[in-house]
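Each protein sequence line maps, in turn, to chains A and B.
Residues in the first sequence are numbered consecutively from 1, following this note's numbering.
Residues in the second sequence are numbered consecutively from 1, following this note's numbering.
There may be inaccurate statements among the hints.
Now the stretches of chain A that chain B is said to cover, found in silico as 3 or more residues with beta-carbon under 8 Å [said to hold, decoys possible]: (1) 84 to 97; (2) 120 to 133.
30 Å max Cα-Cα, derived DSS-like pairs, lysine-lysine [claimed, not checked]: (3) K81(A) x K204(B); (4) K120(B) x K179(B); (5) K81(A) x K68(B); (6) K204(B) x K158(B).
It is worth saying that the hints were derived from the structure and are not from the lab.
All values reported here derive from a predicted model rather than from experimental measurement.
Ideal Cβ positions, reconstructed from N, Cα and C, are used throughout, including at glycine.
Residues per chain, in single letters:
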Amino acid sequence: MDIKAKIIDEEGFNRTVTRLAHEILERNKGSQNVVLIGMRTRGEFLAQRIKEKIKEIDRSEPSYGTLDATLYRDDFRTRLKQPEISVTDITFDVNDKDIILIDDVLYTGRTVRAALDALMDLGRPNTIQLCVMVDRGHRELPIRADFVGKNIPTSINEEVRVRMKEIDDEDAVYLVNAPSKN
Amino acid sequence: MSLSNRHLLGLHGVPKEDIQLILETARTFREVLERPIKKVPTLQGKTIVNLFYENSTRTRISFELAQKRLSADTINFSTSTSSAKKGETFKDTVRNIEAMKVDMIVVRHQSAGVPQYLTKISKANIINAGDGIHEHPTQGLLDMYSIREKFGRLEGLKVCIVGDVAHSRVALSNIFGLKTMGAEVSVCGPATMIPLGIESLGVKVYHRIDEAMAKNEVLNVLRIQLERDAGKRIPSLREYHKFFGITSDRIEKHNREIVILHPGPINRGVELSSEVADGPYQVILDQVTNGVAVRMAVLYLLGTMH
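Next comes chain A alone, as it looks inside the complex (with noise of 0.2 Å):
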């Protein structure tokens, strides 16, 4: 990991969860008709962060699920690399539930575009919210992020990791150049 800079660091992220778990209250007048799906793999952990919070606000403790979008993805005629699939784990109905749709970094907009049309396949949910830690801009799609942790600009040779203690050994956001893709 070629690092420039170290954006967020374990106390910031922390605040940054409380605050989007505020927001996503506010915004819904509460957590009652709210589920959080969490995107693999970061949006996952993500979204049990925000659901603690939320129950440590709220009292309530919203319902959660996990997302895999990968067999909705536009991509699989150019990349190279077949991508690895995981299991989608959503136990609850969510017709006319207000999703809360959680993913670690905006980018293009096209794995929220996979995610949009994965859940609708699962039902007609009454609204669906975006909420990332980062959004980095360059979008293809006409798609924007309703909770934003950091809005961080950066360049396409730029890549922006977000690292959870869950899987990494830390909670921070670094922005770091694009490995060469040779």
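Fit chain B to the supplied structure of chain A, relying on the hints for placement.
Same frame as chain A, now just chain B:
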């Protein structure tokens, strides 16, 4: 992660990592099958031909459903309604189908080796859906998936394949796959149905069903295939049932958990008593559901390979 071969011709020689990848991927599709909309757009734009030179209900429907649930375009070909009746050779038929630009061919044929031959005359990915008495790899895979679902593992499990092993492509695919995954495999049946020298594949041979049941956790019970002249190798179906049929009495006598698989279609009262075929020990209908998921996994892994 990708499979190491762009065709699935059999489970012989397929590395453990590949089998593991297929079984893991099938779990994803098992979940898709539980959804209200059981369809994903993954193979949009791919064309798959089901080339069935031999009758089949389960396997053909299962493959077709798997293809449709992955949004592929499918064409069904069966000999009874095709120009094969007019005397067109197999090679010409395939060349013509290929000229229509197909991506994958699922083939079933009464002669062993046809899928292998197809790889030489076609550029498509070839999937063997049963060739003569050689192999039926997706059946082997779905059997392994069903066993793993029940026990959480395959390694070290004792699995016995019961019946006409000599004329069974299901038996061979099971033996190759299960051995690769570290299971202990044995076969059981009358001497006329056990091929000489099968021990060289590393399997144990039983000739008494009670002994096999006492020593195994899983029985994969094969169908007595009358269309393959099974009648010539046993005195009568009744006698076969008496000595090798799985009955509730036999299961209860052993007083232990045993899981029974059957590739279908069942001859009730021959290899399984009706009671066992509908009873708590069998996973026969799970096998059918898992079959769709496993075939989706194979189609996905081969169809999106570069």
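Tested hints:
Closer than 8 Å: that is the beta-carbon criterion, and the segment 84 to 97 of chain A has 6 residues meeting it against chain B, so the requirement of 3 holds. Counting residues of the segment 120 to 133 of chain A whose beta-carbon sits less than 8 Å from any beta-carbon of chain B gives 3, enough to reach three: the coverage restraint holds. Restraint check: the Cα-Cα separation between K81(A) and K204(B) comes to about 41 Å, which exceeds 30 Å; the hinted pair is violated. With a C-alpha separation of about 29 Å, the suggested pairing of K120(B) with K179(B) holds against the 30 Å cut-off.
This hinted pair checks out: K81(A) and K68(B) have alpha carbons roughly 24 Å apart, not beyond 30 Å. Restraint check for K204(B) and K158(B): the C-alpha separation of about 11 Å stays at or below 30 Å, so the hint holds.
Comparing the model with each numbered hint stated earlier shows that hint 3 is the single one that does not hold.
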